[in-house]
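S.K.: Go ahead and model the full structure; you've got the sequences and the hints to work with.
Residues 787 to 1067 (this note's numbering) are what the sequence shown spells out, left to right.
Some hints here could point you the wrong way.
[Unchecked claim] In silico PhoX-like cross-links for lysine-lysine, where the CA-CA straight-line distance does not exceed 20 angstroms:
1. 1049 - 892
2. 960 - 905
3. 944 - 989
4. 892 - 855
5. 1005 - 959
6. 855 - 1049
7. 905 - 989
[What the hints assert, rightly or not] Quick list of the computed label-pair ranges, beta carbon to beta carbon:
8. 872 - 1005: 18 to 26 angstroms
9. 1046 - 959: 32 to 40 angstroms
10. 870 - 948: 17 to 25 angstroms
11. 1049 - 883: 22 to 30 angstroms
12. 1045 - 882: 15 to 23 angstroms
13. 962 - 886: 16 to 24 angstroms
14. 989 - 870: 29 to 37 angstroms
15. 935 - 1049: 40 to 48 angstroms
16. 883 - 1009: 14 to 22 angstroms
These are computed hints drawn from the structure, not numbers from a lab. Note that the coordinates shown come from a computational prediction; the quantities given were computed from them, not determined experimentally. Note that CB positions come from ideal geometry on N, CA and C, so glycine has one too.
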Amino acid sequence: MTITVRKLLAIALLGASLAGCGSDPAPHKAAPSASAAAGAPQGPPTLAPGPGGITPVFQRAPKNPQGEKVVALTFDADMTADQGPRAAGGEHFDNPALIADLKRLKVPATVFMTGRWAKEYPAEARAIGTDPNFEIGNHSYSHYAFKSDCYGLPVVEKNRRRADVEKAAAQFKKAGVQNAVPYFRFPGGCYDDEVLRTLAPLKMTAVQWDVVSGDAFAKDANAVAEQVLAGVQPGSLVVMHCTRSAAPVTDAALQRIVPELRKRGYRFVKVSDLIRSATHH
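M.R.: Here is the structure:
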């Protein structure tokens, strides 16, 4: 893939983040899962199924009645099924320095990982996936779109959607990931009710976002930081990336985002914490 095409694709993906789901249905309101409603939470919390039993969608937590300021930083570990040759040629789809800085800054985070990324970087996947500071969400295996007309992304065949998600989960297990959570992030942020129905048997919660960092192929770390700081509200969920080739200034932006949000009284949490707070209020 040429540099120009790569940048066009990055812009398309950023557009997907900015547009959310376009004309797709609005995320379903948070409701407790059956186990949470029964007062016996088991493992990471999930939302109750949406209308007709479809996969529920979580975008942000409602404001805490007690006024607590919490925010979840999420990082997409993107790698498509056909990018192996580029990795073999020296392109870096990982960002170990960013992960190290999250640990140093004591910032818990949720990493939405593709199965292809876990296959390429099994040691890193295992290290992240066994660190209590992090939890691993499923970002598909191939990073192909689950809905047509998704900003130019290749599209997973309808009869392969569930298999693609399950293949990613199997790759996580093979790499030694222990803290995988039942959350799924759609590549490109694109979905519709048909897709939500297709994935419903997996009993996962789809996780979107309400704050776009704008870090995809960004060159100005301050601009990324400003965009995040301007958008965060109590209960926000921020989408960022942990791939050096696609998001080279994310780590630098983080150095400003974290202390500034803490100065404003925010506490960093994982997506599971946001969902838990949403189901309890």
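S.K.: Now tell me, hint by hint, if it's right for this structure.
M.R.: Each hint tested on the structure:
1. Distance hint between residue 1049 and residue 892 is fulfilled; the C-alpha atoms sit about 15 angstroms from each other, no more than 20 angstroms.
2. A C-alpha spacing of about 9 angstroms is found between residue 960 and residue 905, which places the hinted pair at or below 20 angstroms, so the restraint holds.
3. For the proposed pair residue 944 and residue 989, the alpha carbon gap of about 18 angstroms is at most 20 angstroms, so the pair holds.
4. Of the pairs offered as hints, the one joining residue 892 and residue 855 holds, with about 17 angstroms between alpha carbons and a cut-off of 20 angstroms not exceeded.
5. Taking the CA atoms of residue 1005 and residue 959, the gap is near 35 angstroms; set against the 20 angstroms cutoff, the hint is violated.
6. Of the pairs offered as hints, the one joining residue 855 and residue 1049 holds, with about 11 angstroms between alpha carbons and a cut-off of 20 angstroms not exceeded.
7. With a CA separation close to 24 angstroms, the supplied pair residue 905 and residue 989 exceeds the 20 angstroms bound.
8. For residue 872 and residue 1005, the hinted distance range of 18 to 26 angstroms is satisfied, since their beta carbons lie about 20 angstroms from each other.
9. Between residue 1046 and residue 959 the beta carbons are some 38 angstroms apart, a value that agrees with the proposed interval 32 to 40 angstroms.
10. Residue 870 and residue 948 have their C-beta atoms about 24 angstroms apart, which keeps the hinted 17 to 25 angstroms range intact.
11. The hint said 22 to 30 angstroms for the Cβ distance between residue 1049 and residue 883, and at roughly 23 angstroms that hint holds.
12. Against the hinted window of 15 to 23 angstroms, the Cβ-Cβ separation of residue 1045 and residue 882 comes to about 22 angstroms, which satisfies the hint.
13. For residue 962 and residue 886, the Cβ-Cβ distance of about 19 angstroms falls inside the hinted range of 16 to 24 angstroms, so the restraint holds.
14. Residue 989 and residue 870 have their C-beta atoms about 31 angstroms apart, which keeps the hinted 29 to 37 angstroms range intact.
15. For residue 935 and residue 1049, the Cβ-Cβ distance of about 42 angstroms falls inside the hinted range of 40 to 48 angstroms, so the restraint holds.
16. For the pair residue 883 and residue 1009, the supplied restraint of 14 to 22 angstroms holds, since their beta-carbon distance comes to about 20 angstroms.
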